[in-house]
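Below are the chains, spelled out letter by letter.
Protein chains: 2
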Amino acid sequence: MSILCVGSVALDSVETPFGKAERVLGGSAVFFSAAATIFSPVRIVGVVGKDYPFADLDFLAGRGADLAGIERRDGESFFWAGRYHYDLNSRDTLETRLGVFADFEPRIPEAFRSSRYVFLGNIDPTLQHQVLDQVEAPEVVACDTMNYWIEGQRKELVSLLERVNVLLVNDAEARQLADEPNLLKASRWIRERGPEMVVVKKGEHGAILFADNWVFFAPGYPLEVVFDPTGAGDAFAGGFMGYLARRASLAPDDLRRAMIYGSVMGSYAVEDFSINRFRSLDGADVADRVDEFREMTAFETRVDGAPHG
Amino acid sequence: MSILCVGSVALDSVETPFGKAERVLGGSAVFFSAAATIFSPVRIVGVVGKDYPFADLDFLAGRGADLAGIERRDGESFFWAGRYHYDLNSRDTLETRLGVFADFEPRIPEAFRSSRYVFLGNIDPTLQHQVLDQVEAPEVVACDTMNYWIEGQRKELVSLLERVNVLLVNDAEARQLADEPNLLKASRWIRERGPEMVVVKKGEHGAILFADNWVFFAPGYPLEVVFDPTGAGDAFAGGFMGYLARRASLAPDDLRRAMIYGSVMGSYAVEDFSINRFRSLDGADVADRVDEFREMTAFETRVDGAPHG
Numbered sequence: 000m001s002i003l004c005v006g007s008v009a010l011d012s013v014e015t016p017f018g019k020a021e022r023v024l025g026g027s028a029v030f031f032s033a034a035a036t037i038f039s040p041v042r043i044v045g046v047v048g049k050d051y052p053f054a055d056l057d058f059l060a061g062r063g064a065d066l067a068g069i070e071r072r073d074g075e076s077f078f079w080a081g082r083y084h085y086d087l088n089s090r091d092t093l094e095t096r097l098g099v100f101a102d103f104e105p106r107i108p109e110a111f112r113s114s115r116y117v118f119l120g121n122i123d124p125t126l127q128h129q130v131l132d133q134v135e136a137p138e139v140v141a142c143d144t145m146n147y148w149i150e151g152q153r154k155e156l157v158s159l160l161e162r163v164n165v166l167l168v169n170d171a172e173a174r175q176l177a178d179e180p181n182l183l184k185a186s187r188w189i190r191e192r193g194p195e196m197v198v199v200k201k202g203e204h205g206a207i208l209f210a211d212n213w214v215f216f217a218p219g220y221p222l223e224v225v226f227d228p229t230g231a232g233d234a235f236a237g238g239f240m241g242y243l244a245r246r247a248s249l250a251p252d253d254l255r256r257a258m259i260y261g262s263v264m265g266s267y268a269v270e271d272f273s274i275n276r277f278r279s280l281d282g283a284d285v286a287d288r289v290d291e292f293r294e295m296t297a298f299e300t301r302v303d304g305a306p307h308g
Numbered sequence: 000m001s002i003l004c005v006g007s008v009a010l011d012s013v014e015t016p017f018g019k020a021e022r023v024l025g026g027s028a029v030f031f032s033a034a035a036t037i038f039s040p041v042r043i044v045g046v047v048g049k050d051y052p053f054a055d056l057d058f059l060a061g062r063g064a065d066l067a068g069i070e071r072r073d074g075e076s077f078f079w080a081g082r083y084h085y086d087l088n089s090r091d092t093l094e095t096r097l098g099v100f101a102d103f104e105p106r107i108p109e110a111f112r113s114s115r116y117v118f119l120g121n122i123d124p125t126l127q128h129q130v131l132d133q134v135e136a137p138e139v140v141a142c143d144t145m146n147y148w149i150e151g152q153r154k155e156l157v158s159l160l161e162r163v164n165v166l167l168v169n170d171a172e173a174r175q176l177a178d179e180p181n182l183l184k185a186s187r188w189i190r191e192r193g194p195e196m197v198v199v200k201k202g203e204h205g206a207i208l209f210a211d212n213w214v215f216f217a218p219g220y221p222l223e224v225v226f227d228p229t230g231a232g233d234a235f236a237g238g239f240m241g242y243l244a245r246r247a248s249l250a251p252d253d254l255r256r257a258m259i260y261g262s263v264m265g266s267y268a269v270e271d272f273s274i275n276r277f278r279s280l281d282g283a284d285v286a287d288r289v290d291e292f293r294e295m296t297a298f299e300t301r302v303d304g305a306p307h308g
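Taken in sequence, the protein lines are chains W and C.
Counted from 1, the first sequence has number 164 at position 165 by numbering that gives the first Met the number 0; the numbering is strictly sequential.
Counted from 1, the second sequence has number 218 at position 219 by numbering that gives the first Met the number 0; the numbering is strictly sequential.
Derived from the structure by calculation, the hints contain no laboratory data.
Misleading hints may appear alongside valid ones.
One copy or two, it doesn't matter: identical chains are merged, so the pair holds either way.
[Stated by the list, open to error] Here are the simulated DSSO-like pairs of lysine-lysine, each with C-alpha atoms no more than 30 Å apart in a straight line:
| # | residue 1 | residue 2 |
| --- | --- | --- |
| 1 | Lys-184 | Lys-19 |
| 2 | Lys-154 | Lys-184 |
| 3 | Lys-154 | Lys-19 |
| 4 | Lys-184 | Lys-201 |
| 5 | Lys-49 | Lys-154 |
| 6 | Lys-49 | Lys-201 |
| 7 | Lys-184 | Lys-49 |
Work out the full structure: start from the sequences and follow the hints.
Okay, here's the thing in structure tokens:
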């Protein structure tokens, strides 16, 4: 099942304690697709300037990404430069140039409009509405957002929630959106406004799926070296949605596995700059890491009687 | 198997957004024992003043705590007063009066010296050394500490590590002790100095066991109301050590279950002031919550072929 993915296609310059990368592939649609195409084809809608190294996206095309929805316009591509601190949990934005992304108006190609799985990357909720207006019969809509839209476009965002099945946000965003510090209550507030599910991403602490009457935890994968945290959240979304689209299912067992695949893909994203780690990634790598996740979380109650009393 | 537990036996006055409690039972030894006695007998060593409502400890005695090692001295009991903020993740200490705890010198009663399981609550590492000096043949020594000792008694603490099997600390303490922001590296640094295992407690984010070549995650239990976070870490330690002592085993499968019991006990601790939630807790409650933890973490790889590739 193909996934329609709308988001930024950007160039990033990143400094971490481990090195530096200049004008490398970035943006939510790029990270999402690098992870999702492990599982399912992706149809990307975005915009780049004439300066974009379009040939570098060949890797994604070879994996099953359809690039026909990426407009190439006069002007500069979306550019972000940032520097991560020593502990990698905080960063400074050194520069942001929106370029052609500033007046991006997503146009969904005719051939993409029948998509049933849709990922709305972190863009203006007004544009996220416009995307859904152009999709004939979306079945599973997943959506990301950020503090900027929660503050500045609250009304549009809240009305968008009615059209969304899964909201994927970080813990601070969930709390801010619901104006509620308790995550369980915040996720209920959000689910009461539309989404059947809320996935709260917590970086190194993993992610939690809040659904109707049940929750599921995927831990963060413990890495000795977090080389570059950029894109981990979008790679998580890619693994999560990619797996669900492959299974064409929202059954709880598939959702659990989707959470694990999300966390697995997030862990790979941070092992190298840009989407580089995904270039060498194959199914066996993924299977091995999934096994590690099971080892990290599985336990059995002893069968010879209750160990408490 | 009885556990020797040395730590504070205190009175706490606590304010949270949900209410207020004045001079209620607190201290690391009290929270540890309230949780551990669900699984195993505990022998408490500590000190209180003449003002201590000693009869209030009858509940612990009824559960299997031996109070013979709690000295009653002239003077005031250790008193702590604190106020939690709206989000319950931060708190202000309003008052600390060490009282008789200021010159506490743990004396292990003769009958306790054969203890094989030992929990060293968060006290001066010099005193933690003195405790171990008095125990004949400790087999499993678990130890807690805090930033105050990491900064002020670093040498004593590092030499103590050689005598410890499991260090239980929070994530900030692990990073500070090892001077290393990466938890995997920090836990290795610690393990290289003695402990076979490091348990890193992360509050609402759960806890991680770092052992030789393997790790295990226990999530935090999602609660709508965290009534009073005081004592959650000690209750975690109580569930963890209580279960290990009951099993008399450090086998990986038992350690995994011990992590879950730790997280379960931590979740109960925060549901009421002081140790009050433990008063009504029975084995069926614990079993139910363990089942919930399994539901929150269990997943299976589909058996009909790799879902990735």
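Comparing the hints with the structure gives:
For the homomeric pair Lys-184 and Lys-19, the shortest alpha-carbon distance between copies (23 Å) is at most 30 Å, but the shortest distance inside one copy (40 Å) is not. Taking identical chains as interchangeable, the C-alpha atoms of Lys-154 and Lys-184 lie at most 30 Å apart only when both belong to the same chain, with a minimum of 20 Å there against 45 Å between chains. Taking the shortest alpha-carbon separations for Lys-154 and Lys-19, neither the intra-copy value of 39 Å nor the inter-copy value of 38 Å comes in at or below 30 Å. In this assembly of identical chains, Lys-184 and Lys-201 lie within 30 Å of each other by CA distance both inside one copy and across copies; the values are 16 Å within and 20 Å between.
Taking the shortest Cα distances, Lys-49 and Lys-154 never come within 30 Å of each other, neither inside one copy (34 Å) nor across copies (61 Å). In this homomeric assembly, Lys-49 and Lys-201 never come within 30 Å of each other (Cα to Cα): the closest approach is 36 Å inside a single copy and 47 Å across copies. Proximity of Lys-184 and Lys-49 under a CA criterion of 30 Å is satisfied in neither setting, with 46 Å inside one chain copy and 44 Å between copies.
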